[in-house]
Amino acid sequence: MRIVLHLSGGLRAILTHLPEEIAIDVEEPVSLREILVQAGINPLLVVLITVDGKRGEKDQVIDHDARIGLVGPMAGG
Amino acid sequence: MLFGYAGHTVEINLTTGQVTKTPLPEDLARDYIGGRGFVARLLWERISRGTDPFGPQNLLITATGPMSGHLVPASGKTHFGTKSPATGGYADSNMGGHFGPALKYAGYDVLILSGRASRPCYLFIEDETVELRPAEGLWGQGAITTEEELRKELGDEFKIVTIGPAGENRVRFACISHDFGRQAGRTGVGAVLGSKNLKAIAVKGTGGLPVFDVDGLFGKGREAYEKVKAKPGFAGWTPEGTAGITDWVNEVGAFPTRNFQTSFFPGYKNINGRAVVDRLKITDKGCFCCPTPCGKYGKAKTTLGEVYVEGPEYESIAMLGGDCTLGSIEEVAYANYVCDELGLDTISAGGVAAWAMECFEQGILTEEQVGRKIRFGDLESVVYLLEKMAAREGIGDLLAEGVMRASKELGQGSEDFAIHVKGLEWTGYESRNAPGMMLAYMTADIGAHHNRAWALGHDVAGSAASVHDLISAGGSKGKLAKASVSGKADRVIELQHIRPLFDCLGICRLQYMELGFEVENYEELFFLVTGRKMSWPELLQVSERVWHLTRSFSVREIEGFGRRSDYPPPRFFKEPVPDGPNKGHFLSKDELNTLLDEYYAARGWDENGIPTDLTLRRVGLADVADALSAGK
Numbered sequence: 017m018r019i020v021l022h023l024s025g026g027l028r029a030i031l032t033h034l035p036e037e038i039a040i041d042v043e044e045p046v047s048l049r050e051i052l053v054q055a056g057i058n059p060l061l062v063v064l065i066t067v068d069g070k071r072g073e074k075d076q077v078i079d080h081d082a083r084i085g086l087v088g089p090m091a092g093g
Numbered sequence: 138m139l140f141g142y143a144g145h146t147v148e149i150n151l152t153t154g155q156v157t158k159t160p161l162p163e164d165l166a167r168d169y170i171g172g173r174g175f176v177a178r179l180l181w182e183r184i185s186r187g188t189d190p191f192g193p194q195n196l197l198i199t200a201t202g203p204m205s206g207h208l209v210p211a212s213g214k215t216h217f218g219t220k221s222p223a224t225g226g227y228a229d230s231n232m233g234g235h236f237g238p239a240l241k242y243a244g245y246d247v248l249i250l251s252g253r254a255s256r257p258c259y260l261f262i263e264d265e266t267v268e269l270r271p272a273e274g275l276w277g278q279g280a281i282t283t284e285e286e287l288r289k290e291l292g293d294e295f296k297i298v299t300i301g302p303a304g305e306n307r308v309r310f311a312c313i314s315h316d317f318g319r320q321a322g323r324t325g326v327g328a329v330l331g332s333k334n335l336k337a338i339a340v341k342g343t344g345g346l347p348v349f350d351v352d353g354l355f356g357k358g359r360e361a362y363e364k365v366k367a368k369p370g371f372a373g374w375t376p377e378g379t380a381g382i383t384d385w386v387n388e389v390g391a392f393p394t395r396n397f398q399t400s401f402f403p404g405y406k407n408i409n410g411r412a413v414v415d416r417l418k419i420t421d422k423g424c425f426c427c428p429t430p431c432g433k434y435g436k437a438k439t440t441l442g443e444v445y446v447e448g449p450e451y452e453s454i455a456m457l458g459g460d461c462t463l464g465s466i467e468e469v470a471y472a473n474y475v476c477d478e479l480g481l482d483t484i485s486a487g488g489v490a491a492w493a494m495e496c497f498e499q500g501i502l503t504e505e506q507v508g509r510k511i512r513f514g515d516l517e518s519v520v521y522l523l524e525k526m527a528a529r530e531g532i533g534d535l536l537a538e539g540v541m542r543a544s545k546e547l548g549q550g551s552e553d554f555a556i557h558v559k560g561l562e563w564t565g566y567e568s569r570n571a572p573g574m575m576l577a578y579m580t581a582d583i584g585a586h587h588n589r590a591w592a593l594g595h596d597v598a599g600s601a602a603s604v605h606d607l608i609s610a611g612g613s614k615g616k617l618a619k620a621s622v623s624g625k626a627d628r629v630i631e632l633q634h635i636r637p638l639f640d641c642l643g644i645c646r647l648q649y650m651e652l653g654f655e656v657e658n659y660e661e662l663f664f665l666v667t668g669r670k671m672s673w674p675e676l677l678q679v680s681e682r683v684w685h686l687t688r689s690f691s692v693r694e695i696e697g698f699g700r701r702s703d704y705p706p707p708r709f710f711k712e713p714v715p716d717g718p719n720k721g722h723f724l725s726k727d728e729l730n731t732l733l734d735e736y737y738a739a740r741g742w743d744e745n746g747i748p749t750d751l752t753l754r755r756v757g758l759a760d761v762a763d764a765l766s767a768g769k
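Read top to bottom, the protein sequences are chains A and B.
Just so we're aligned: the first sequence equals residues 17 to 93 in my numbering.
Just so we're aligned: the second sequence equals residues 138 to 769 in my numbering.
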């Protein structure tokens with residue numbers, strides 16, 4: 017499976033060494049939390065997640081090719 | 138010609154009714170850009186030392202930026218500035234919506250209100266026509282009700298700002314309201330409007346704005362709009378808006394709970410962004426030219442009644458939900474509506490109500506003083522306090538002063554848990570294990586506000602365990618390590634220049650800060666609108682100049698202003714967090730001094746936090762340096 021992570025600007029403002037897009041190939045179903053760790057992203061820095069455009073959770077298991085949107089820390093209004 | 142700007146300032150002396158229109162000074166536009174920059178410079182020049190915030194000599198300045206009202210993403214910001222009745226120092230507060238663009242289309246970049254009307258009135262502006270109209274029939278009405286009434290009378294093309302009873306009664310944290318749920322909430326700008334007997338401002342503008350490169354802006358503006366919508370965070374962030382961060386703020390132990398006694402609210406999933414969407418939301422609601430509509434308009438039903446309300450935004454959830462411990466999103470939304478209609482800032486009002494409930498718990502306030510029993514988690518208690526504050530009735534007269542003044546008067550140790558800096562109540566991020574955020578709150582120019590530098594994400598990055606530790610801990614679950622204190626100043630200063638720059642430009646910062654819309658886009662859009670070629674670092678230099686100026690204003694206006702003005706309340710340096718992810722953590726007074734020492738040195742301020750003569754001259758504020766050294 018190919019899982020593509022898309023990092024928001026708020027996240028990249030902190031993780032300045034990471035690109036806007038990271039592709040990870042995995043063979044077994046895996047939780048988003050584990051994927052984040054594999055990508056070198058502290059899960060605590062991820063505020064919101066989307067899976068193929070729909071709201072996801074960090075403990076959600078991914079078992080198919082997916083586009084993951086990662087929204088980093090941001091202030092309220 | 139000043140491209141991008143409407144080109145005029147209009148001043149209304151409310152005492153005499155005189156209206157004066159003058160060309161916008163080119164050097165003001167060059168050196169301060171607009172919005173917050175205009176407010177800061179004009180307040181410095183126009184207000185005499187010692188001016189009473191509620192006196193007729195105080196000014197209420199409304200300012201737009203060069204990008205306001207143009208085909209630029211989220212260009213609907215409007216700024217209000219004054220000498221604050223909450224802090225006695227520099228104040229500005231901004232709001233989204235549609236008012237600023239309307240003011241520019243009417244021909245004005247800046248609107249200055251001076252004096253005091255002899256009777257309640259509202260300001261009517263329709264292009265060249267600027268006049269005061271009677272408002273006795275509106276006085277005493279709610280802020281939302283007033284907007285509805287004026288819309289009915291004038292028509293939907295008018296963009297309207299109002300105050301509620303709290304502003305009329307000079308509650309020191311009264312806000313200015315707009316568009317049925319947008320507010321310039323902070324620093325008591327609504328109370329200054331009330332002190333001038335001005336209930337509302339209604340504007341209709343039909344003119345155009347000069348643009349340096351119309352075709353270029355049309356193409357780039359459309360492209361920018363699409364680029365923002367294509368950003369990776371767009372789909373995740375927009376559906377819930379700012380309420381979507383509620384879970385995360387609890388996960389990292391920064392959620393204000395029970396008057397900041399702790400930083401984790403067990404019931405947070407009942408008041409989070411998903412609850413807003415699932416149980417309240419009717420529709421999204423965006424500001425002028427915004428591709429990311431973060432406003433959520435919805436309906437809430439509680440035991441006290443049913444209301445339609447915009448929000449709650451995250452800050453209202455934090456301060457009315459966590460800090461007052463209201464347990465359902467419907468209750469938070471109801472209290473939010475009450476604040477909106479009364480014209481109260483939800484942040485300060487929530488903080489004041491929470492402080493009062495803790496005083497009651499400790500026996501510092503009695504049932505006889507309050508007029509009834511009050512307790513955390515009880516919607517009736519919270520609404521009772523809000524209504525008393527806005528009316529200045531009974532205990533409300535004390536609470537309407539804000540927690541700094543109220544705790545000084547009440548004493549008995551209540552100052553230790555009066556959560557503010559400089560007299561402005563704290564916003565929605567508990568910071569006992571977030572030294573960067575703590576420093577940002579301590580040094581924000583208007584008091585304890587988050588929008589000048591929001592450093593919490595960087596603090597979390599520094600306080601969490603290593604990635605490898607996180608794997609064995611199952612991800613991010615568990616207690617956080619104590620964050621290191623040193624080395625925070627540079628990051629906070631950088632943020633203090635970036636975020637307020639957007640307040641000068643007259644656009645919302647969310648597309649940049651949250652979605653990563655690149656700075657190159659802003660440089661290009663600024664050029665296409667104004668014809669001025671300025672790099673991002675050059676723009677930030679203007680923002681730095683404004684920062685030193687606002688600090689200097691407060692140095693001039695507040696006796697003894699300096700390091701002592703920058704400390705948080707004793708709760709934050711004496712009481713460890715009792716539970717949650719940051720259990721046991723706090724920042725000692727020595728650690729706070731380390732934060733301030735490094736910050737003042739990096740700023741070019743002296744050990745007491747006063748901008749030095751050299752620094753002021755370096756940033757182009759020689760006249761300010763001269764005035765401060767002369768004690769003026």
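Rather than coming from a laboratory, the hints here were simulated on the basis of the structure.
Be aware that a few hints might be false.
Not close to chain A: a few residues of chain B, all C-beta gaps over 10 Å, as computed [said to hold, decoys possible]:
{"hint": "1", "residue": "368"}
{"hint": "2", "residue": "377"}
{"hint": "3", "residue": "381"}
{"hint": "4", "residue": "382"}
{"hint": "5", "residue": "389"}
{"hint": "6", "residue": "411"}
{"hint": "7", "residue": "445"}
{"hint": "8", "residue": "454"}
{"hint": "9", "residue": "550"}
{"hint": "10", "residue": "588"}
{"hint": "11", "residue": "650"}
{"hint": "12", "residue": "651"}
{"hint": "13", "residue": "654"}
{"hint": "14", "residue": "697"}
The calculated lysine-lysine pairs, modelled on DSSO-like cross-linking and capped at a C-alpha distance of 27 Å, are [what the hints assert, rightly or not]:
{"hint": "15", "chain 1": "A", "residue 1": "70", "chain 2": "B", "residue 2": "366"}
{"hint": "16", "chain 1": "B", "residue 1": "341", "chain 2": "A", "residue 2": "70"}
{"hint": "17", "chain 1": "B", "residue 1": "418", "chain 2": "B", "residue 2": "406"}
{"hint": "18", "chain 1": "A", "residue 1": "74", "chain 2": "B", "residue 2": "545"}
Partner residues are not named here, just some residues of chain B that face chain A (Cβ under 10 Å, in silico) [said to hold, decoys possible]:
{"hint": "19", "residue": "269"}
{"hint": "20", "residue": "369"}
{"hint": "21", "residue": "727"}
{"hint": "22", "residue": "730"}
Glycine included, every Cβ here is placed at the ideal spot set by N, Cα and C.
A quick look at each hint next to the structure:
Not every Cβ of chain A is farther than 10 Å from the Cβ of residue 368(B); the closest lies at roughly 7 Å, contradicting the non-interface assignment. With a closest Cβ-Cβ approach of about 8 Å to chain A, residue 377(B) is found to fall inside the 10 Å limit, against its non-interface label. The claim that residue 381(B) is not at the interface with chain A is violated, since a C-beta of that chain comes within 10 Å of its own (minimum 5 Å). With 10 Å as the threshold on Cβ separation, the claim that residue 382(B) sits away from chain A is violated: the shortest Cβ distance comes to roughly 5 Å.
Under the 10 Å C-beta cut-off, the non-interface status given to residue 389(B) relative to chain A is violated; the minimum distance is some 6 Å. With a least beta-carbon separation of about 8 Å from chain A, residue 411(B) fails to lie farther than 10 Å from that chain, contradicting its non-interface assignment. With a least beta-carbon separation of about 19 Å from chain A, residue 445(B) lies farther than 10 Å from that chain, consistent with its non-interface assignment. With a least CB separation of 8 Å from chain A, residue 454(B) falls inside the 10 Å interface cut-off, contrary to its annotation.
Every Cβ of chain A is farther than 10 Å from the Cβ of residue 550(B); the closest lies at roughly 31 Å, confirming the non-interface assignment. With 10 Å as the threshold on Cβ separation, the claim that residue 588(B) sits away from chain A is violated: the shortest Cβ distance comes to roughly 7 Å. With 10 Å as the threshold on Cβ separation, the claim that residue 650(B) sits away from chain A is violated: the shortest Cβ distance comes to roughly 6 Å. Not every CB of chain A is more than 10 Å from the CB of residue 651(B) (nearest about 4 Å), against its label as outside the interface.
Annotated as non-interface, residue 654(B) brings its C-beta within 10 Å of a C-beta of chain A; the closest such distance is 7 Å. For residue 697(B), the non-interface assignment is confirmed: its Cβ lies about 31 Å from the closest Cβ of chain A, beyond the 10 Å cut-off. Of the supplied pair hints, the one linking residue 70(A) and residue 366(B) holds, its CA atoms being roughly 15 Å apart against a limit of 27 Å. Only pairs whose Cα atoms come within 27 Å are accepted, and residue 341(B) paired with residue 70(A) is rejected, the gap being roughly 40 Å.
Restraint check for residue 418(B) and residue 406(B): the C-alpha separation of about 16 Å stays at or below 27 Å, so the hint holds. Between residue 74(A) and residue 545(B) the alpha-carbon distance is near 46 Å, which puts this suggested pair outside the 27 Å criterion. Because the smallest distance between the Cβ of residue 269(B) and any Cβ of chain A comes to about 32 Å, over 10 Å, the interface hint for this residue is violated. This hint holds: residue 369(B) has a C-beta 3 Å from the nearest C-beta of chain A, less than the 10 Å allowed.
Given the 10 Å rule on beta carbons, the hint for residue 727(B) is violated: about 27 Å separates it from the nearest Cβ of chain A. Residue-level restraint check for residue 730(B) is violated (minimum Cβ-Cβ distance to chain A is 26 Å; threshold 10 Å).
The structure shown violates the earlier hints numbered 1, 2, 3, 4, 5, 6, 8, 10, 11, 12, 13, 16, 18, 19, 21 and 22.
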